[in-house]
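Chains A and B, in that order, are what the protein sequence lines are. Quick note: the first sequence, position 100, residue 100 per my numbering, numbers continuous. Quick note: the second sequence, position 371, residue 371 per my numbering, numbers continuous.
Take these hints with a grain of salt, some might be off.
What the hints assert, rightly or not - Computed cross-link-like contacts, DSSO-like style, restricted to lysine-lysine with a CA-CA straight-line distance of at most 27 Å:
no.	chain 1	residue 1	chain 2	residue 2
1	B	238	B	419
2	B	471	A	104
3	B	118	B	238
4	B	65	B	274
5	B	419	A	104
6	B	238	B	274
These are computed hints drawn from the structure, not numbers from a lab. Note that the structure is predicted; figures quoted are calculated from it, not measured.
Residue strings, one per chain:
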Amino acid sequence: MAELEGQSEQLISFDVVIDSEHHATVSIDGELDMSGIDPLAARVDEVLRHGITSLTVDVGGVRFADSSAIALWVRWASAVQEFELREPPPLLRRVIGAMGLTEKLGAAT
Amino acid sequence: MNSVESVQRPAASRGGEAAVPDDAASEPRRSLDLYWLPVATLLIGLLVTLVLVLVSQSQYTSNEKRLLNLRVRDAAALLGESVPGTTASLAAAAEQANFTNGSVARFRRLATPQVGAKPTQFLSLSLWKVGALSQGPIAVVGPQPKLITTRGNAAGVLGGAGRTPIVNVIGLLQSPDPRLGYAYANSSSGPYLVYGERALPVDRRSRLASKNQFSGLDYAIFLGDKQTAQSLLVTSVKHLPLPSPSYAQTVPYGNNALTLAMSSRVALAGSLPKNLPWIIAVLGTVLAIAAGFVTLRLSQRRRRAEDLAGRLEVTANENERLYAEQRGIAQTLQHALLPDRLPQIPGIQTSARYEAGEEGMDIGGDWYDVIDLDEGRLLLVVGDVSGHGLRAATTMAELRYAIRAYAAQSDTPAEILTKTSRLVNVSESGQLATVLCATVDMQARQLDITSAGHLPPLVLSHGDSHYADAKIGLPIGVQEDTVYASTTVTVPPEATVVAFTDGLVERRGESLDQGLDRLRAAANSHDVGLSELLGTLVSEMANGRAQDDIAIVGVRWTR
């Protein structure tokens with residue numbers, strides 16, 4: 001079990017927890033835009049290179065996500081066999097719906 | 001009216017405005033600024049020192065004068081005390097002579113013990129008769145008086161005496177063998193006058209005993225009230241006058257007077273008061289120099305701080321200039337990648353705007369396009385590549401020209417986006433693009449809309465508006481083999497269709513639906529020309545400060 005924490009510009013914080021051999025949970029809080037997502041992207045990429053095939057992204061604490069953040073999640077969703085965007089707040093769910101990505105991101109309630 | 005407007009023009013370069021000080025002109029003044037305070041501090045310190053030195057010197061001098069004055073008074077009092085002794089000796093002899101009618105034997109008996117070489121003794125004593133002075137002394141004990149040997153007119157000199165019972169003091173100061181003569185007579189009791197002489201030191205120099213309270217003092221005693229070489233009786237110095245400062249006191253001495261002058265060889269009040277002015281001078285000078293030096297260091301430090309602040313300001317100005325420049329470059333590039341004019345067809349107005357967001361340092365990935373198809377049809381395109389910067393702009397340009405190419409092949413919006421979806425892959429580039437493609441049929445008043453994850457266009461007519469209910473497909477880049485479908489929408493006569501990117505309606509802390517509702521309300525409340533409408537929507541929705549880039553494109557049926 002490994003736990004790491006990253007911070008960027010105090011707007012975003014995240015945890016990446018490798019739960020089992022093939023599953024990891026990413027918990028994200030704060031406001032995500034392209035100015036602050038690089039550390040998050042780098043950390044998850046590292047995890048994905050080590051055999052993780054199932055990813056749960058907990059975005060219950062995300063207050064804002066721009067298209068860069070959504071593109072990042074879509075990339076993760078394409079990279080693993082199982083992907084779930086857990087507990088997206090209503091604002092976020094609406095944006096994902098408007099982009100036609102509800103199904104792709106497994107963001108249905 | 002087919003036109004493209006940009007709300008923001010690239011900012012003009014403001015190069016050369018940075019506040020760089022004119023070094024050559026201001027350097028002397030800066031040096032002056034740097035040194036005047038330390039120099040002033042030094043000068044003030046030296047001035048204060050000088051004043052303190054003068055004050056302490058004057059204090060010392062006046063104190064020494066006061067002490068010397070006291071010593072002189074004491075010494076004068078002692079001198080004065082010798083008169084009664086002398087008077088008593090002479091008076092006793094004179095009264096005895098008067099009583100014994102000038103008995104020479106009795107005079108000799110009385111006088112002999114008082115004549116000798118001791119300091120307390122007379123060199124000679126002689127008895128004279130007033131009225132017969134010119135005949136010389138009746139009797140002499142000791143050697144012949146100098147009064148007789150050196151002054152022919154002894155009678156004249158002694159004539160003054162005898163009227164009052166006061167000792168007449170006569171100076172016989174010619175060298176060698178200087179003497180003082182004392183004459184006493186009391187005319188009320190008899191005619192006899194006694195005259196005595198005392199020796200003065202040959203060179204008139206005498207030292208006081210070292211343990212005497214007057215040791216350390218130089219002195220000179222003069223007969224009379226004048227301090228002249230002729231009237232000098234005795235002194236402790238080789239050469240007159242006494243060293244300054246000296247103090248003199250005149251005391252009565254018989255019928256004459258003695259003037260005692262004194263000067264101090266040592267500090268009467270001790271060495272500290274004497275040396276105090278020097279101590280103050282040295283300490284004050286050292287302190288003044290130290291204060292000047294410290295002030296100089298502080299001035300230099302302040303100067304360095306000011307220089308640093310100045311440099312920071314220059315840097316800040318430079319940063320601001322670079323920011324404006326970069327923003328200008330980004331916007332110039334952005335506008336270069338957008339259509340510089342929109343096609344015109346009869347019956348349809350077109351207009352578009354692009355507004356860089358606050359974070360518009362980078363070029364953005366938003367774009368719009370209007371393509372003239374044929375037979376009174378246009379292709380309306382608006383899209384948004386995720387992210388910012390050259391990568392986003394490059395993808396944006398690629399998509400824009402691909403769509404133009406596919407449109408030229410008479411493809412439908414659905415076919416265009418299906419082909420376009422092969423150009424972007426989020427797994428490779430990390431990029432997504434939302435694109436709205438819609439054919440605008442002037443005659444049929446129809447829109448054929450295909451949305452790749454993009455917000456639907458707003459359709460408004462005569463103060464009423466709604467968002468076109470179009471099926472939304474995946475954004476470009478999610479899946480290579482996505483097949484898009486289109487939705488056909490018929491619009492009311494003289495309708496206006498506005499397509500836009502999410503920057504127009506997206507605000508942090510607000511839901512997407514709230515933003516869409518605000519846009520609809522804003523569109524309903526403005527019955528103005530198309531170009532003006534787009535401008536108003538942008539400024540109202542952005543509330544003066546758009547966070548993200550905004551692309552907005554509109555078409556309006558004119559009949």
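To see whether the hints hold, each was checked on the structure:
| no. | hint | verdict |
| --- | --- | --- |
| 1 | B/238 with B/419 | violated, 131 Å |
| 2 | B/471 with A/104 | holds, 16 Å |
| 3 | B/118 with B/238 | holds, 24 Å |
| 4 | B/65 with B/274 | holds, 12 Å |
| 5 | B/419 with A/104 | holds, 20 Å |
| 6 | B/238 with B/274 | holds, 25 Å |
Checked against the numbered hints given earlier, the structure breaks only hint 1 and satisfies all the rest.
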